[in-house]
Amino acid sequence: MKPCMMTFFDARSRMLATFMFSGAVALIQDVRIAALACALPLLSIACAPPSFARIARPLLHINVLFLLTALMTIPFVPGETLWMAGPIPVTREGLLFMALITLKGNAVVAWCVVWLGSMEPATLGHALSRLRLPTPFIRLLMSTIRYIDVLQEEYACMRMAMRARGFKPQLTRLSLRAHGLLVGALLLRSLERADRVADAMKCRGHHGVYAATETLVWRAADTALMIGLGAACALLLLGGMP
Amino acid sequence: MTPPCIIQIKDLYFTYGQDGASTLKGVNLSVRQGERVGLSGANASGKSTLLHVIMGLRLPQAGTVELYGKPRRNEEDFRDARMRMGLLFQDSDDQLFCPTVLDDVAFGPLHLGWGKDAAREAALEALAIMGLQGYEHRVTSRLSAGEKKLVALATNLAMKPDTLLLDEPTSFLDDSSRERLIHVLRDVPVTLLIVSHDQTFLDALTDHRLVLRDGRISDAPTSPGAKVEL
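So the protein sequences, as listed, match chains A and B.
Under my numbering, the residues of the first sequence are numbered 1 to 242, in order.
Under my numbering, the residues of the second sequence are numbered 1 to 230, in order.
Because the hints were derived from the structure by calculation, they are not lab data.
As the structure is a computational prediction, the values presented were derived from the model and not from experiment.
Even glycine gets a Cβ: it sits at the ideal position worked out from N, Cα and C.
One should not assume that every hint holds.
[To be verified] Quick look at which bits of chain A chain B covers, simulated, 3 or more residues with Cβ under 8 Å: (1) 116 to 123; (2) 136 to 146; (3) 189 to 197.
Pulled out of the complex, with its shape left as it was, chain A reads as follows (with noise of 0.2 Å):
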């Protein structure tokens, strides 16, 4: 991973430092808060710009997530109606109310790609482990980034050999029975395997404790970065909340 400024915070600051802005962008209900507060991934991405695809490709799924939502909700927010799409009122409070989830959706986002983006798996989980988050949680979420690649090949190798038995997806009963067929033997695969990898676990010592290599420290800089965002953030909580 190419080393860029936010390696040199401490990951669990890192974490922290999303939690609480998150949160706090969360409760915004304003939308020139919520703009205001899309200069600060802004500012982040200036001071260690991410690669291209990196930011682009997540920000680009999110948007098209909120113009589908967009388009079911506009309609069915009451209020002033600035013009008719057909027979569906466009109301100034439903363009208020996209507005301002598309920015806080884009500011988490932003923020989070260019925050944790860069932060290797592994120590995303020892961050949360010494943030004493569940272990249960932390295993999912590990287990999670391990097994979804073989899953997906799992799924593939599947469908491949459906389709060498003359398979093909159709909005049939016959196809839509195959389909059930192939979810409900790829969740039957998973719990074995999860079986199987908790024997593994149990082999290397494992009771219920998640420990890693990595040593995380804590500097003046982790203690620096939570104040200065906690002030950013309740500012933007004063000014953005009703």
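Fit chain B to the given chain A structure using the hints.
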């Protein structure tokens, strides 16, 4: 003086599920310190199950398991033995559960309470033994099946076991990796119990051959090309 028994199994019975089909029906096995035993048998004859029973991952319905001279009956008893024994799983994806190679190999030492530096050092040493220098930060899920197998063995070696149980260690390995594995296993001073269908691999590494048939263990017929030198 006869070396002490590391694994001693008497009249072991193990059945899976409710269908009553017995996998192990009165297995007797003894492996002494320093011995290198090869175990073969047909598919679904219970070879992997036997290794899991030895590690205490499955508890038998009847019979006794003694490891390092002590009877082992429950999880607590086996936990102590697992600190000295390594098991290489048949499917490496089951064994490698951490996101990166270094975390996976250091997992065992860390959980044995060795401390971060010692665990890291042991992990790097085990990777070097397997010829996997530079793999530390590789993402486990993106390794090839053969690489995963070698990393899985490194996870065992990092714990510095005195006994290794290997379940189909040569599956997915190409010729050079297989040869490396043979050289590594020849050099490590451990007691070995290898389950494999690969007869030449067993010939190269083991000095005693057994076969599991109809739920029981017996001596394997002597193979004509025993002890192949590489």
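Now for the hints, and whether the structure bears them out:
Proximity of the stretch 116 to 123 of chain A to chain B, defined as three or more residues with a beta carbon under 8 Å from a beta carbon of that chain, is established by the 3 residues found. With 4 residues having a Cβ less than 8 Å from any Cβ of chain B, the stretch 136 to 146 of chain A passes the three-residue criterion, so the hint holds. Proximity of the stretch 189 to 197 of chain A to chain B, defined as three or more residues with a beta carbon under 8 Å from a beta carbon of that chain, is established by the 3 residues found.
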